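Trainee: Chain residues, written in single-letter form:
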Amino acid sequence: MTGRRTFLRGFLSVLLSGGAIGGILKILPSKAHATEAPLKGKWYGFGVSVDKCIGCARCMDACKTENNVPREPFFFRTWVERYIIRKNGATTVKTIEPNVDPSPETASDKSILRSFFVPKLCNQCAHPPCVQVCPVGATFQTKDGVVLVNEKKCIGCRYCIQACPYGARYLHPATRTADKCTFCYHRISRGLLPACVEVCPTQARVFGDLNAAASPMSRFLRMNKIHVLKPGLNTEPKVYYASLDGEVR
Amino acid sequence: MNPELMRSLHDLLPQIQGFIYPNEIEIHWGLLIVVYPYITGVVAGAFILASLVKVFNVKEVQPLYRLSLLTALAYLLVAPISLVSHLGHPERFYEILLTPQTSSAMAMFGFVYAWYLMAVLLLEIWFVHRTDMIAWAEQETGVMRFLHRTLALFSRDTGERAVVFDHKALKVITIVGIPSAFLLHGYVGFIFGSIKANPWWSSVLIPIVFLFSAIVSGVALVILLYMIITPLRGGRIDMRCVDKAVDFLFYTVIVDFSLEFVDFIHRVYQSEEEIKILSEMVMSKLFASLIIVQVLLGMLIPLLLITLTKIFRKRFSLNEDLRKMVYFISVILIQFGVFATRWNVVIGGQMFSKSFRGLTTYKMGFGGIEGLLYAIFLLILPIVILAVLMKVLPPWKEMIGEGASEGA
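Protein chains in written order, with this note's numbering: chain A, 5 to 253; chain B, 694 to 1101.
Hints listed in this document are in silico derivations from the structure and should not be mistaken for laboratory results.
Be careful, since some hints might not be right.
Claimed, not checked - Some chain B residues judged to face chain A by a derived CB distance under 8 Å, without partners named: (1) Met699; (2) Asn716; (3) Glu719.
Said to hold, decoys possible - A few chain A positions that, by computed beta-carbon distances, are all more than 10 Å from chain B: (4) Ile58; (5) Asn71; (6) Lys124; (7) Ile165; (8) Ala216; (9) Glu240.
Stated by the list, open to error - With a straight-line cut-off of 30 Å between C-alpha atoms, the simulated DSS-like cross-links for lysine-lysine are: (10) B:Lys969 <-> B:Lys861; (11) A:Lys156 <-> A:Lys68; (12) B:Lys864 <-> B:Lys978; (13) B:Lys969 <-> A:Lys234; (14) B:Lys889 <-> A:Lys157; (15) B:Lys864 <-> B:Lys1090; (16) B:Lys861 <-> A:Lys229; (17) B:Lys937 <-> B:Lys889; (18) A:Lys229 <-> A:Lys46; (19) A:Lys114 <-> A:Lys44; (20) A:Lys98 <-> B:Lys978; (21) A:Lys91 <-> B:Lys1003; (22) A:Lys234 <-> B:Lys1003; (23) B:Lys1017 <-> B:Lys1090; (24) A:Lys147 <-> B:Lys1007; (25) B:Lys1084 <-> B:Lys978; (26) B:Lys1084 <-> B:Lys1017; (27) A:Lys114 <-> B:Lys864; (28) B:Lys978 <-> B:Lys1090; (29) A:Lys91 <-> A:Lys147; (30) A:Lys229 <-> A:Lys157; (31) A:Lys44 <-> A:Lys234; (32) A:Lys98 <-> B:Lys1090; (33) A:Lys156 <-> B:Lys1017; (34) A:Lys98 <-> B:Lys861; (35) A:Lys68 <-> B:Lys1056; (36) B:Lys978 <-> A:Lys234; (37) A:Lys98 <-> B:Lys1084; (38) B:Lys1003 <-> B:Lys889; (39) A:Lys91 <-> A:Lys156; (40) A:Lys46 <-> B:Lys889.
All values derive from a computational prediction rather than experimental measurement.
Backbone N, C-alpha and C define an ideal beta-carbon position, used for all residues, glycine too.
Let the sequences and hints guide you as you build the complete structure.
Mentor: Here it is in structure tokens:
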């Protein structure tokens, strides 16, 4: 009787403590997710030259066409923001709309200090908070560092949308699952460029393997001063910006 | 696609202030997610009240013991309904139980919930009612007899040793139950508090604030139910019990208020980059629900009312009916206050842009899954379940001394 009781007690405590310790180790970010580029294989990254973007919005259009993103202005895998910073320090930001001439026209307005366009997309973080919080593992990171959503598995809880610091995710109104930029994974896995990079007329968008010694991407990183969005959150974005203004968040 | 959603989003476009990321227009966690922490909060709070009797031996609140256990169970049964119905794919909810991702706070819900339901609440309720169920079954016939037999799991032993074991088991369960109740609601707070992308949520204090507001809402609700149900059953409200419970409530509200105040001061003093947009939000979009309902009506006025009764009760032997009225008003105000707290956390956390440059608006629907009607249904459902539970496991003897002479 006592033997059985001691055994059960021991067994239960091992089970409970083992589970707890295992759970905590899994929760620790360094254990759960790769944060550094693997030495072998591809590790994709993206470059944006803020100075080259002319705000033509062709990337937005191409992305919606390529990836069946709803046309309504509430769902974007990529978008372009226009910043106007005035001499008095006031900053106005707008998401530009395809086929609409951006207003105001900035050249004649003398109160404007500087203005520029900033393309945005999923940062494909090396340490993605969306992957960490997904309760069912529907959002995951591929071997080559791209964060994808399995729409067959996603339950539509939207925790990932809350966890993304960049507003890169939305709930697709047709599938009722989370959706976001995939770097056009269906294209890049066949050696093509993402649709937005393909159509950009000024080469403001650059894409490539960060591990490759010679590629437009590694050249971009070599030739520019680089910044990422919200570095303080330790998400380690793989979308790198050249000439990024401090006003951009 | 959903034309209704598109229309409502188009309606929201002109109401955006400043700049928000284009994907941020839709508020993803709506009224249902406001209801969820409110309901789990009641569960945790009601259970803590019950453990006052068992662990801390506060004899005065014994009449509330069974009522609070049943209240906790009734609300716990409803908690997952609001969660599952808000999913984009409710039919896939089992994925969270079958293939949970261990790094996800939300994935732990199934386990925390199951632990609390099975290992704490159901066990405690079973041990509390076991001998009663046996006794009830003896005097009953037909369906009720069968029901009580089955619920007692066909145990028949009412001997001294069995009863002693019941008491021992209860003690252990309650002691395990207190940290479990803390876990349940602290965990709900953690779901929000661990989102580093959102400065309105991301705070170590959030789980603790959630916990104390949970205790506040649960205790207040049980007092409210007791004050309504007892006269309805023709009983007399035991003022010694209510005074004691309100005392406890009073101190918890003070702790809750202080914690939220500390959080507020901390944010204002640190004044990080998000402070401008957050204060703009508090002063415009959240003014009514935060300043007026949560702080003024939900905390300060009840605190003032209860303080006054405390002072005057001693000095001028305040009229019992007047005291009852003050308590009654206070606990109702507190309910609204705690509900507003949940609202301000959940909705408030999504009304400002993560670019910290603008605000969006939440437009509550009336019909539909995310609408007001369904939320009201979810808030009434636990009361209906409680009524059924009280039919099956009547707490009257303890609550109002009814049937005590029958020796049941």
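Trainee: For Lys1003 (chain B) and Lys889 (chain B), compute the direct alpha-carbon distance and say whether it is at most 30 Å.
Mentor: 43 Å, violated
Trainee: Would you mind confirming whether the straight-line C-alpha gap from Lys98 (chain A) to Lys1090 (chain B) stays at or under 30 Å?
Mentor: Violated. Lys98 (chain A) to Lys1090 (chain B) sits at ~66 Å, over the 30 Å cutoff.
Trainee: Are Lys46 (chain A) and Lys889 (chain B) close enough, with their CA atoms no more than 30 Å apart?
Mentor: Judged against 30 Å, a Cα distance of about 29 Å means the pair holds.
Trainee: Verify the proposed pairing of Lys114 (chain A) with Lys44 (chain A), using a straight-line Cα cut of 30 Å.
Mentor: Status violated; Cα separation ~52 Å.
Trainee: Is the hinted pair Lys937 (chain B) and Lys889 (chain B) satisfied, with a Cα-Cα distance of at most 30 Å?
Mentor: 40 Å, violated
Trainee: Is the hinted pair Lys44 (chain A) and Lys234 (chain A) satisfied, with a Cα-Cα distance of at most 30 Å?
Mentor: 28 Å, holds
Trainee: Between Lys861 (chain B) and Lys229 (chain A), is the straight-line Cα distance small enough, at 30 Å or below?
Mentor: With a Cα-Cα distance of about 69 Å, the restraint between Lys861 (chain B) and Lys229 (chain A) is violated, given a limit of 30 Å.
Trainee: Just double-check Asn71 (chain A) for me: nearest Cβ-Cβ distance to chain B has to come out over 10 Å.
Mentor: 14 Å, holds
Trainee: For the pair we were handed, Lys147 (chain A) and Lys1007 (chain B), check the Cα-Cα distance against 30 Å.
Mentor: Violated, at about 72 Å.
Trainee: Given the proposed pairing of Lys1084 (chain B) with Lys978 (chain B), does the C-alpha separation stay at or below 30 Å?
Mentor: With a Cα-Cα distance of about 44 Å, the restraint between Lys1084 (chain B) and Lys978 (chain B) is violated, given a limit of 30 Å.
Trainee: Decide if the proposed pair is consistent with the structure: Lys229 (chain A) and Lys157 (chain A), CA atoms, cutoff 30 Å inclusive.
Mentor: 40 Å, violated
Trainee: Straight-line Cα separation of Lys1084 (chain B) and Lys1017 (chain B) no greater than 30 Å?
Mentor: Given that 30 Å is the threshold and the Cα spacing comes to 26 Å, the pair holds.
Checked against the numbered hints given earlier, this structure breaks hints 6, 7, 10, 12, 16, 17, 19, 21, 22, 24, 25, 27, 28, 29, 30, 32, 33, 34, 37, 38, 39; the rest are met.
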